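There are 2 protein chains.
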Amino acid sequence: MALPTQSADFPAWYQEVVKQAELAEPSLARGTMVIRPYGFAIWEKVQRAIDDRIKATGHQNLYFPLFIPYRLLEKEAEHVEGFAPEVAVVTHAGGEELEEPLVVRPTSETVIWATYARWIQSYRDLPLLYNQWANVVRWELRPRLFLRTTEFLWQEGHTAHETEDEAVAEARLILDRVYREAMVDVLGLPVLVGRKSAAERFAGAVETFTLEGLMRDRKALQAGTSHYLGQNFARAYGVTFLGRDGKEHHAYATSWGASTRLVGGVIMTHGDDRGLRLPPRLAPIQVVVVPIYRSDDERGRVLGAAAAIRERLDGAGIRVHVDDREEQRPGFKFNEWELKGVPVRLELGPRDLDADQATVARRDGGGKEAWPLAGLPERLVTLLEEVQRSLFGDAERFRDDHTFRPGSYTEMAELLDDPGGFMLAPWCGGPECEARVKADTRATIRFLPLDPEPVEGSCIVCGSPATETAAWAQAY
Amino acid sequence: MALPTQSADFPAWYQEVVKQAELAEPSLARGTMVIRPYGFAIWEKVQRAIDDRIKATGHQNLYFPLFIPYRLLEKEAEHVEGFAPEVAVVTHAGGEELEEPLVVRPTSETVIWATYARWIQSYRDLPLLYNQWANVVRWELRPRLFLRTTEFLWQEGHTAHETEDEAVAEARLILDRVYREAMVDVLGLPVLVGRKSAAERFAGAVETFTLEGLMRDRKALQAGTSHYLGQNFARAYGVTFLGRDGKEHHAYATSWGASTRLVGGVIMTHGDDRGLRLPPRLAPIQVVVVPIYRSDDERGRVLGAAAAIRERLDGAGIRVHVDDREEQRPGFKFNEWELKGVPVRLELGPRDLDADQATVARRDGGGKEAWPLAGLPERLVTLLEEVQRSLFGDAERFRDDHTFRPGSYTEMAELLDDPGGFMLAPWCGGPECEARVKADTRATIRFLPLDPEPVEGSCIVCGSPATETAAWAQAY
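Those sequence lines, one after another, are chains A and B.
Numbering of the first sequence is given in my numbering, commencing with residue 5 and proceeding in unit increments.
Numbering of the second sequence is given in my numbering, commencing with residue 5 and proceeding in unit increments.
Careful, some of the hints might be misleading.
Heads up, the list lumps identical chains together, so a pair's fine if it works in one copy or across two of them.
Capping the alpha-carbon separation at 30 Å, the derived lysine-lysine pairs in DSS-like fashion look like this [what the hints assert, rightly or not]: (1) K23 <-> K251; (2) K442 <-> K251; (3) K372 <-> K223; (4) K251 <-> K372; (5) K59 <-> K23; (6) K337 <-> K251; (7) K59 <-> K372; (8) K79 <-> K372; (9) K251 <-> K59; (10) K223 <-> K23; (11) K23 <-> K79.
No wet-lab data here; the hints were simulated from the structure.
Nothing here was measured: the structure is a model prediction, and the numbers come from that model.
Construct the entire structure; sequences and hints are all you get.
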């Protein structure tokens, strides 16, 4: 079935790509999804990109339980206010009603900091630099595959530190060296980073850092967050340590998470009207070989050559797949692999073999040409890097083309309406102005500069003196 | 704190090893555990060993939801009877009571086969060869860390096939090429494989294949199972396909799982009175370097040499850690790394350096000797393989030494009591005899021969003609 175009109906386009490319589908319990093998293979690459960097920056993985006693959730006041309305609660187990209900974790600060209270005694026990890969549950009223599901998969890092400076540096390290690097270098997402306004902060955080991407419908997507939590959780769960000064102190905390939502971000950043376009470093299949033949003789010859090419590409470290399905014609296969976003297609027919060549087609729109079989693996390695850069470049250009500095509130509201994108404008720092923009345009402050300096000029909303530049956008 | 000895109190020994080696600890919700970083690093190696082989045998990973609508569980009669008493149930979410309660998955056959009904239309859609890594929940009255916890981590494979033969071959393939290979080659567990008796089968299975290890307390541990499910789930969830004969058929199923329980199996198979002993292929740290010095001068020299050795070992693909903690003395470090089961320790002091050597100590009991620094990485690679073989050999010998062929029921009961182990004895196939052994000795049939042939002689319990040889043992 043909895809809707992005311009005609972006949500329908997204839904059909997720379905037709066999990435995911809704499951039976409300708001949950099945991540299908092709979608999960992409997620495994996302995990690898993030996990490698989590470990390279000195963190270790561990695992905390799914269930959290309800009373634990209630100890940090802001946190419970933020999450209590969204939790799923287990009231019965083993055939009996539980004495105390259990919350299915919406995030794990509570159980982790209750445990850190036992692990942390002295400054010598610090820092704790831990992460877990887990499923979490937040009841969603308007679920969308990958973007907002009742259950999702993510990693959540939880660190404990001796000083505020060290904890803030940790939150920034994760932002820059883990998330931004993985998103830019592997996922090809030209994310922008900054701080959240107070209204948009994580429940219980002192400061939330964020990475924001711009999707092809000119809406922003929060791709990951890293929180400096101050001593809030240490106070709530009684986590103190004997400091170098011989006194008891509360530990400083960070937490940070990135989730299966990133798969949605990849789809909506790189996709086009023919479907998914996957950056080669993320693609489960980087090169697909489609054999073309008419007779049985041709078939044997072409499939033999395809197998030889697969072996050579595999030896060069390329993730290659030969689509030797008998029941489908080449044109059907071309469409299907385009829909699935495979970066490079090799067409191989008798005429190609006669000329010792293969036809190479790029999914990023770079056209199609005949390449000699000699030296093919090396040239393809180079081509894949080129496609990686070109997809990132496309996305960056698109974002820049949809980043505006409106001169007035009216202009900002008009631009938000059409074409949409990021609006960089001076802000007085007042939550009333932030609320007014949201009420008028549905846009929120996506991020504020990391190291804010006072700006010239007046707040684009109220005209009072501005304190910094905010980036507004409508968002997922 | 000193460990209890294995012979004095095996359960206390196990509990203390898990605690002191910082593998895991009980968490707040009943029967749940925190898997600590060192324990989780071992689990990650177990996962890698199994996941690599799952993929190498042609399977793909995907992900199904945590929550299963209660009514789904009820569709396969035997299955619900087996699992309903153990499930945890979510009755409230998003601040409201749910119209239909949700079961937290105890295993995923139900939701997966309800979904396969949509994915399978024709024999061309078969086989489906899928696996997921997930957490599952089964309410446990007597939890034990790793061995039996309310929530545990595992992989569960779920495949669908056109024919019975193909499905049975799949269940056997997983048994041999995935589980046995990973357990024998990486975890160093000399598991025995076989079929379960009807009484010990998975709820809903036609045939359950099992891998059984013998622990150091002479109790057996079920290390993994692979089930041939026949058409039971296809019938319960309406999974039919148009066959090559133009008719509708129900698909044939397998499922198979291995869990964090394997970490417990590693501890209890290889551990000794000084703590854990890890097979090198599984060990997060294969070689620990302990620098020895008295003065600041010596310190600089020894730490410099240790760093150089670390680099060389790292370059040779060895997982190496330099324990440069200032606040602990070498003797303390020796004990700690022995407790944590690191296969090889390198001691490095000024006298070693004067002689261009390091002192190499094996955790498997192979002693301690001085080795020249020249050629050290290559020799250590060889040594690690030797330790891998020696731990496997120890475990295999221990199992063989505790495998008996009792001549009478009285002798079998005595041997089960002391010293314990596997009892191979003829069985008539009657569930009454099986039940009697369990009542008398707490031993169950751990496995039956894979391809049973009638045996000579009479059932060791009732004296009727025996149909096959059963392996009895007390078990976890």
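Cross-check of the supplied hints:
For a Cα distance limit of 30 Å, the shortest separation of K23 from K251 across copies, 28 Å, qualifies, whereas the shortest one inside one copy, 58 Å, does not. Taking identical chains as interchangeable, the C-alpha atoms of K442 and K251 are never at most 30 Å apart, the minima being 46 Å within one chain and 59 Å between chains. In this homomeric assembly, K372 and K223 never come within 30 Å of each other (Cα to Cα): the closest approach is 32 Å inside a single copy and 64 Å across copies. In this homomeric assembly, K251 and K372 never come within 30 Å of each other (Cα to Cα): the closest approach is 70 Å inside a single copy and 44 Å across copies.
Within a single copy, K59 and K23 get their C-alpha atoms only as close as 34 Å, which misses the 30 Å cut-off; across copies the closest is 24 Å, which meets it. In the homo-oligomer, the alpha carbons of K337 and K251 lie at most 30 Å apart only across protomers (28 Å), although the nearest pairing inside one protomer, at 69 Å, exceeds that limit. For a Cα distance limit of 30 Å, the shortest separation of K59 from K372 qualifies neither inside one copy, at 40 Å, nor across copies, at 33 Å. For the homomeric pair K79 and K372, neither the shortest alpha-carbon distance inside one copy (61 Å) nor that between copies (53 Å) is at most 30 Å.
For the homomeric pair K251 and K59, neither the shortest alpha-carbon distance inside one copy (32 Å) nor that between copies (54 Å) is at most 30 Å. With identical chains, the CA atoms of K223 and K23 are at most 30 Å apart within one copy only, with a shortest distance of 21 Å there and 49 Å across copies. Taking the shortest Cα distances, K23 and K79 sit within 30 Å of each other only across copies (27 Å), while inside one copy they are farther apart (42 Å).
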